[in-house]
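Participant: Chain residues, written in single-letter form:
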Amino acid sequence: MKQDTLDRIKALVGTDNFLNSPEDKLVYSYDGTPMLAHQPEAIVMPRTIDEISRIMVMANSENFSVVPRGSGTGLSGGSIPTPNSIILLMNRWNRILEIDSDNLTAWVEPGVVTSRLHTEVEKIGLFYPPDPGSQNICTMGGNIAENAGGLRGLKYGVTKNYVMGIEMVLPDGSIVHNGGKNVKDVAGYNLRDLIVGSEGTLAVFTKVLVKLIPKPETSKTLLAFFNSIVDAAETVSAIIANHIIPCTVEFLDNTTIRCVEDFTHIGLPVTARALLLLEVDGYHEVVEREAGLIKNICTRHRATEVKVAVNEDEALKLKTARRSAFSALARMRPTTILEDATVPRSSLAILVEKIEAISKKYNLQIGNFGHAGDGNLHPTCLTDERDTEEIKRVEKAFNEIYDETIKLGGTITGEHGVGLAKKGFLEKMIDIPTLDMMKKIKQALDPNNVLNPGKIISLSPKCEGKLEHTPRH
Amino acid sequence: MSTHFYDTIPLPDYEQLIQCMHCGLCLPTCPTYELTALEKYSPRGRIRMIKAIADGDMTITENFIESIGFCLNCQACVTACPAGVQYGQLVEAAQLHIEHHVYEQGKGSRLKRFILNWVFADLKRLQRMGLFMRLYQRSGLEKLIQKTRLLKVVSKKLHDMSFMAPVVPGRMVYRSSNHAPVEKRNIRVGVLTGCVQDVFFNTINQDTIDVLKINGFDVFIPKESYCCGSVHGHNGNLDMARILARKNIEVFEKAAVDYVVMNAAGCGAYMKDYVHLLHDDPEYTERAHSFSKKVKDFSELLVEQGWIKPEGIQKIKVTYHEPCHLVHAQKISQQPRQIIQSIPGIEFIELPEATWCCGSAGIYNIIRYDDSMWVLERKMKNIAATGAEYVLTGNPGCMIQLMYGIKKFGVPVQVVHPVTLLKQAYQQQRMS
Chain G
1 MKQDTLDRIK ALVGTDNFLN SPEDKLVYSY DGTPMLAHQP EAIVMPRTID
51 EISRIMVMAN SENFSVVPRG SGTGLSGGSI PTPNSIILLM NRWNRILEID
101 SDNLTAWVEP GVVTSRLHTE VEKIGLFYPP DPGSQNICTM GGNIAENAGG
151 LRGLKYGVTK NYVMGIEMVL PDGSIVHNGG KNVKDVAGYN LRDLIVGSEG
201 TLAVFTKVLV KLIPKPETSK TLLAFFNSIV DAAETVSAII ANHIIPCTVE
251 FLDNTTIRCV EDFTHIGLPV TARALLLLEV DGYHEVVERE AGLIKNICTR
301 HRATEVKVAV NEDEALKLKT ARRSAFSALA RMRPTTILED ATVPRSSLAI
351 LVEKIEAISK KYNLQIGNFG HAGDGNLHPT CLTDERDTEE IKRVEKAFNE
401 IYDETIKLGG TITGEHGVGL AKKGFLEKMI DIPTLDMMKK IKQALDPNNV
451 LNPGKIISLS PKCEGKLEHT PRH
Chain V
474 MSTHFYDTIP LPDYEQLIQC MHCGLCLPTC PTYELTALEK YSPRGRIRMI
524 KAIADGDMTI TENFIESIGF CLNCQACVTA CPAGVQYGQL VEAAQLHIEH
574 HVYEQGKGSR LKRFILNWVF ADLKRLQRMG LFMRLYQRSG LEKLIQKTRL
624 LKVVSKKLHD MSFMAPVVPG RMVYRSSNHA PVEKRNIRVG VLTGCVQDVF
674 FNTINQDTID VLKINGFDVF IPKESYCCGS VHGHNGNLDM ARILARKNIE
724 VFEKAAVDYV VMNAAGCGAY MKDYVHLLHD DPEYTERAHS FSKKVKDFSE
774 LLVEQGWIKP EGIQKIKVTY HEPCHLVHAQ KISQQPRQII QSIPGIEFIE
824 LPEATWCCGS AGIYNIIRYD DSMWVLERKM KNIAATGAEY VLTGNPGCMI
874 QLMYGIKKFG VPVQVVHPVT LLKQAYQQQR MS
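Line by line, the protein sequences are chains G and V. Sequential numbering from 1 applies to the first sequence in the working numbering. Sequential numbering from 474 applies to the second sequence in the working numbering.
Please note that a few of the clues may not be correct.
Unchecked claim - Below, in silico cross-link-like pairs of lysine-lysine (BS3-like), each with a Cα-Cα straight-line distance of 30 Å or less:
| id | chain 1 | residue 1 | chain 2 | residue 2 |
| --- | --- | --- | --- | --- |
| 1 | V | 580 | G | 317 |
| 2 | G | 25 | V | 804 |
| 3 | V | 524 | G | 396 |
| 4 | G | 423 | V | 524 |
Rather than coming from a laboratory, the hints here were simulated on the basis of the structure. Computed from a predicted structure; not experimentally measured.
Turn these sequences into a full structure, and let the hints guide you.
Facilitator: In structure tokens, the structure reads:
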């Protein structure tokens, strides 16, 4: 980028809101994605929507890219800088502007940390269900960009189901509004749904209106062990067939169980092939009834043990196994690659067994855990990025895992997004006309390809060579 | 005692550096990140910079020095980290390398060097300083200087900081206690009377001895008291830290104790890590290992071995501030609460952000006063919100800082060590 351009941006936002020291560029070169990084030209913290708009106009005329960033904890490379880019850091936009308990809505700025929204609305008996694993640090802007999910997805849905309104800046600098507090509103194209999950490639969010629901009265937690994955999967199906939608149904495979037991020593049966953590929530009477039914269903489907928490303390103990799954796995080897393969619930057991077989085939350690209720698994490979030979096997293994996932009618990403990390797989899953429609939308909104270019889809034609792979810096 | 700074500074452990998967879960627990919302002031950012220097991609720069200097080393990030990165070791190694770098360049904080080289050089000097402070306080000179705001002539900050010094008590010889044990155990414990604790809070040491005696332990009080070495070790003088470590190991080995009981979180944490400090010394590796295993915080020991539940009612409203070196460095969190809540009559209120640093952080509150005050202000707001009459905490650094916070931010609360409260409850029982 030209020095003159950088100077103009600095003058626009103020010296205090412009960073480009070597140290700053280094620490904004990564997000939560393993092995990918690239340094930005500068990090810019805009103070107003007008400043964002002017930056986008400049990006078009001066030919640089803009990469929006919240906390930088995404897992597919969405906030990793692209070549010749500035980071547009939005994490200081952290005000909860309004909670409307009559209309059950909240206006938030994109830098609001998700768990802070949870805390604030729960104080007045309301509830914002989406609960991604990184909720204590991830931001609402990032959640909307990635259409974040979480453990409560099965019963309550994902971020998309809660976005009612948006204010945003388009790649050409235009300021756009869509939606509002109306429960029903079909005026014009549904732009707010278009941008949810757009991974920062179609707009920069400046304000979001989210839907809230009443907070469930109480909840109950159960833990069940099985000697076969099929039994566990059939249990989940049977629960749904009985018209019970638990708040969460989490699954841990044997590799994960053994790692968790090594780490926490809470007495998990290390020969169990599957563990299910279930939670039901709602009115007390409903919770009691559903918990009882679930216990019976587990037992009928050959659960070797079913534990039901009788109070908060016990519930916390039972949840430890699931909560520490990621920690336990991450401590095994230096590099932890957490992936995201989702299939329709009915195919879950098949995918789990396929992943086991693939990990054996490539002699890798893969712990599998995830949201059994909605088919969203997180096969997690424990490796060492310095071992280039092993990394090659890891790539091959995940290629196969995604092939199998797609064959089962699944998706290459349930929650984490495509970003940079999964671009190669998108064409395996989506046919050309559909991919073309996505490209047309991107091109219409961002003809100069300035906003987070090269994420999700590449606009450069195939004949120009392979898609960029951003090397580790 | 000769003091060779910067000999054998350990390099940051590369295995630790690479264990970081930059997931960012440490960010919301980091006080300096919460203040600035800037990645370079987060554990994740600091680790990345340390790794860049270790890889040879970056050198020690002003920005790097500022980022590491700003870090409190509270290790809240260690508690939060899913991958088990021992950030404390990394930042301490970085601090040492920075010290060395700055020293070689002839720069560096003269104040810091003075405090380490002169004040903490040996315990006798610290005691002498304590005596001087006591005279300064009792003669009325301190009150005069504070009232006339004389120090403002030098700097407002110096005037403000002058209120930080706690009231220095008179020297005392620790009694092996005239409290008869309820039931004798066959366990011999040594008590580290320390340096700061010994000079400023010697009554806490006596309370510790009394509580242990009441609970049936055979208590050994060393005649010679040594600093645990943490102030030296954390600030560039590893040689001195090792000398002190060996001395402490010898003293308690000779005394043949089963446990070494601590009432200061920072010291307890440092002594539990003597194996790491002395890993290059083959004569002491095994000895450091058995020594560190014996080191227990008083609350840790009482919960492990069982303690006599006091009957003396203390009808007070209390809250508990968790010293960083107890909750994060030693993973001791439930035990002090159990001890406190075993006292009848106590109304215990959980402190919001109880695990957040108070800003004392060794000598951070002196060399980085402004940053320390921001952190302290947040802590004092949280304490005030509980409405508690007493805030309990088991570390002298935290106690000094909170006592200062009471003055500076006008919070009507008193600071007490949990062992003092327990001793009071036992005492009341005896009297009634």
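Participant: Are any of the numbered hints broken by this structure? If so, which, sorted upward?
Facilitator: Hint check: 1, 2 fail, others pass.
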